[in-house]
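A.B. asks: Each chain, written out:
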Amino acid sequence: MDEILSIYKSSNFAIIATTIIILTFIIIVGIKLNKHDSNKPPKGILLLAEMLVTFTNNICKEALGSRWKKFAPYVLFEGMFLLVANLSGLLGLTPPTANICVPIALGIVTGVIMHISSIKYNGIKAYLKGFLDPIPIMLPINIFSELVTPISMGLRLFGNIFSGTVVMTLIYYVLGQIWLWIVPAGYIITPFITPILHAIFDVFLGLIQVYVFMILTVIFIAGKLPDEE
Amino acid sequence: MSLLIELFTFLEVAITDEGLKQLGAGIGAGIAVFTGFGSGIGQGLAAGLGAQAVSRQPEAVDAIRSTMIVGQAVAETAGIYGLIVAILLIFVF
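Chain order of the listed sequences is A and X. One point on numbering: in our numbering, the residue at position 29 of the first sequence is 29, and numbering is uninterrupted. One point on numbering: in our numbering, the residue at position 13 of the second sequence is 13, and numbering is uninterrupted.
Next comes chain A alone, as it looks inside the complex (with noise of 0.2 Å):
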């Protein structure tokens, strides 16, 4: 029990670190496309950076059409917090997603984009109206749906990364009693057991969340904004 609540109390320091890392890539990607010549092939991190850039393009250019420039930078920024944040459980640190607020956050922000660009691209009237389709009857059950597609957004991406975060936590705890219990186990079993354990529910698990957050943000944009022509 007290295991699983530290696991609340210590992801306050990986936010911030992901934040920095985060920070320290976008300053150090900034300086170097300064100094770059865009006659030669991009190297390094710089490559990297294409690399993410050209896929949340090819994301939003999918379901968004001719408007997807004014939203890739969003999906870009959250798909580059949450890959470093769902991985920041390879470091040691307990991933940021695993504390309730930071998902719900950004279910929130997104929220308020697809009511924002709903606005924009409908007008307010049409935004308005769209509460009352198919008819005005349907309005609550309108309302609650908008009000739950950004907590269900952060609850998934919660639920994922908590459990995953609640099984290592708790089979660390069992290595730990098992090290004071017998010495040399700890050095026999440990190596095995956790890489495998990493594997699947830091980089597998997060992967996918990370992918299908920004999938749905968009689809969920997509989906507000009026069919083009």
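Read the hints as simulated data drawn from the structure, not as lab findings. Glycine included, C-beta positions come from ideal geometry on N, C-alpha and C. Some clues are possibly wrong.
[Said to hold, decoys possible] Reference listing, derived: stretches of chain A covered by chain X, where coverage requires no fewer than 3 residues with Cβ under 8 Å from a Cβ of chain X:
no., region
1, 149-159
2, 210-216
[Unchecked claim] Estimated spans, in silico, between C-beta atoms of each pair:
no., chain 1, residue 1, chain 2, residue 2, range
3, A, ILE45, X, LEU49, 37 to 45 Å
4, A, LEU170, X, GLY38, 21 to 29 Å
5, A, TYR173, X, GLU18, 19 to 27 Å
[What the hints assert, rightly or not] Here are a few chain X residues that sit away from chain A, every Cβ distance over 10 Å (derived from the structure):
no., residue
6, ILE15
7, GLY24
8, ARG56
Put chain X on the given structure of chain A with help from the hints.
C.D. replies: Frame of chain A; chain X shown alone:
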């Protein structure tokens, strides 16, 4: 018979309100996690149909993969809600 009476007197002393609360919360958490049953079936169906689709149209692999992953993520939500309810039950009681 006397053994039974002894057992009941023991239980009467041993069962406290706090213990009953935790027992109920534990059973409830176990039932809540059972939502994973349905979402597991759903994810399996999505994966199977995705494999079928790839075998029919191998050139559409990318679109099928992303559709499948998004569908599975949405299907997973129910199971995740069950998990959250279970965690809340364990933490609150």
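A.B. asks: Hints first: check each against the structure and report whether it holds.
C.D. replies: Checked hints:
1. Counting residues of the region 149-159 of chain A whose C-beta lies closer than 8 Å to any C-beta of chain X gives 5; at least three are required, and the coverage claim holds.
2. Only residues whose C-beta sits within less than 8 Å of a C-beta in chain X count toward coverage, and the region 210-216 of chain A has 4 of them, enough to reach three; the restraint holds.
3. The hinted window of 37 to 45 Å between A/ILE45 and X/LEU49 holds, with their beta carbons roughly 40 Å apart.
4. Checked against the given bound of 21 to 29 Å, the beta carbons of A/LEU170 and X/GLY38, roughly 25 Å apart, stay inside it.
5. Between A/TYR173 and X/GLU18 the Cβ separation comes to about 24 Å, which falls inside the hinted range of 19 to 27 Å.
6. With a least CB separation of 21 Å from chain A, X/ILE15 remains clear of the 10 Å interface cut-off, as annotated.
7. The claim that X/GLY24 lies off the interface holds: its Cβ sits roughly 17 Å from the closest Cβ of chain A, which is beyond the 10 Å cut-off.
8. Annotated as non-interface, X/ARG56 keeps its C-beta farther than 10 Å from every C-beta of chain A; the closest such distance is 21 Å.
Going down the numbered hints, you'll see the structure goes against none, and every one checks out.
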